[in-house]
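Protein chains in written order, with this note's numbering: chain A, 1 to 562; chain B, 563 to 724.
These are computed hints drawn from the structure, not numbers from a lab.
No false leads were slipped in.
Only pairs whose alpha carbons sit at most 25 angstroms apart, straight line, appear in this in silico PhoX-like list of lysine-lysine:
id: 1; chain 1: B; residue 1: Lys637; chain 2: A; residue 2: Lys186
id: 2; chain 1: B; residue 1: Lys564; chain 2: A; residue 2: Lys286
id: 3; chain 1: B; residue 1: Lys631; chain 2: A; residue 2: Lys186
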Amino acid sequence: MEMTGAQILMAVLKEQGVDTIFGFPGGAVIDIYDELVKTDIRHILVRHEQGAVHAADGYARASGRPGVCLVTSGPGATNTVTGIATAFMDSIPMVVITGQVPTHLIGNDAFQEVDITGITRPCTKHNYLVKSVDDLARVMREAFYIAQTGRPGPVLVDIPKDVANARTRLNGDPQVRIKSYQPTYKPNMKQLKKVVGLIRKAKRPVLFGGGGLILSDASEAFTEFARQTRTPVTTSLMGLGAFPGSDPLWLGMIGMHGTYRANMATGNCDLLIAIGVRFDDRVTGKIDTFAGNAKIVHIDIDPTSIRKNVQVAIPVVGDCRQALERLNALIAEEGIVDFDDRHRGWLDQIETWKKQFRMAYDQGEEVIKPQFVIDKLFELTQGQAIVTTEVGQNQMWAAQFYHFDGPRQFLSSGGLGTMGFGLPAAIGAKAACPNRQVVDIAGDGSIQMNIQELATAVQSCLPVKIVILNNGYLGMVRQWQELFYDRRYACTLMDHQPDFVKLAEAYGALGLRATRPDQVAAVLREGLDSDRTVIMDFVVEKEESVYPMVPAGANITEMLLV
Amino acid sequence: MKEDKHVITMLVDNEPGVLSRVVGLFGGRGFNIESLSVAETVTKGVSRITIVTKANPPVVEQIEKQLNKLINVIKVRDLTNVDAVQREMALICVKASPDNRAEILRIVDIFRCKVVDVGLEHFIIEVTGDEGKLTALLSLLHPMGIKKIARTGAIALMREPK
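So here's chain A without its partners, still in its complex pose (with noise of 0.2 angstroms):
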């Protein structure tokens, strides 16, 4: 039977198992709009296309689903940029379909004609334009397949309007195969027998897991491995809740706002086993000395992140799931070390640095800390929330404060830092985790950068919960201002804001203020028990900074503390 193109897409998506999709309609997608709403697949109607998707990102990050988005050509397309580039930065597997003029005006300057494919090349995993009726389904499934394997990614697909007029049948086969692209998810067995040499040797080993053991779903067998091994662990931001947060083996965050025994422990060990992770800047610091006494075993599914930055002494390409439940059959196949005795010494020292810096701040009766809303929040949720964030301090905060205990839970822009992700984000991971309690910490700056949102989640009743930490600054950039530029605080200053909780009730949401410490719990209690939407305004202390801190380019271990 000969079906448009339209009707190839959505057959397509149904059989790739879509159920959401974040996007915003225009003239060169009427056609596939038409189509998409004779299928059972929610379509969550956004108010600025970089929320679309950001909300796919959100979705994908809290379910392992790839995210899809549908916007228009033109100032549709070009709106997706910032959004792609986050999940591009972050392995975030994402199908992102754009409306395409008709293919004989490519070229011509039409109405609402941009080259998102060229803009796009630099921050996509890969990206398509559809010339032919004829190519859509293969073009499809290879999306959603390069997506969603190897490193995953963003992979964005151009339409012509024409192309999805035009007629064909349903062709080719479901299953994809792409000669010229075969990511290696085995991993070498010789090389992690010489890693399991490496852990029988190290007297003062770190295990350091980033956001690839999220992606591969690697949880599991990354704390098994800390645990067999005794192994003190750290993460980078975007490893955050790949292992409990509560564990005693568990050392808080690495880099530039990492706990004072994670980077002490870093600087220290003699074995740093890295997976998942590409050693970005501000987890290293000054490269030349990062983990400078360490053998260093670098495991990862993306050889490009192998010896980039760091040299290793033993790197192994594969997915870090296989790679570790390789590695814990190993050891327990080798016969038991008493890595207890062999690594109480070294434990014993990472407790004293526990001791000797802990993460604290003065909660006096008169003004709100931020650091005690997070506190706080975790504190009533009993750690379980979904939480997102923008970017900046509301972010160091929430990785600070909020103690992930599991994957998934924690949503942040890592690597391009990424304000006004937040919001969207949670309508995303709320769209895909109904049950779950969804929480954006924000900052006053950050959360004026997709507002807008409020409305989405208002109209398609995902009930998420904003904090904003209200400093009237742009925080973080105050705080570096204050620390290395003299306190002159250039344009870093908000001195005037939307009254938030009119502002969330002219959405038709629910706004809620507290302006002193007495006041945090009450009003997040009411907030979280709140089935609405909810803005909980929390004016807090304006000139406060996140510590410890590792100014740019400095040894990790050595940190501004107070």
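Knowing the structure of chain A, use the given hints to seat chain B on it.
For chain B alone, kept in the frame of chain A given last:
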């Protein structure tokens, strides 16, 4: 770290935008391109791209890995330290006055080049060879006055086992 010249050859899908992906990768990651050449192979739908780059060993490793990561790149090979043949070609328009015409033709003969266009005041010379040969020829022709030059990038193939 010392930067050396590397000849990198790759087979790619012959699709629109593939060259732009490859070149964009070099530009975006700050890799250098000294020369580039691209044309179809005998296999339908497959092209060969040859890029000459200057880079230190870790950067060359990254270049190869990053190229391999592109979905449309089928195979990548660094031909620098393997037994390979390498050629480039140039068309050189050189001024030819009555008193140096014979000299130019002698040089053409020595270098086994060809004259492909001739006029009252110029020759266009076609030359093929490795980089050294082209450089040597150009230095000899330079005093006569080179009006115009068009050079291809290098192309290279690994030798088959004997």
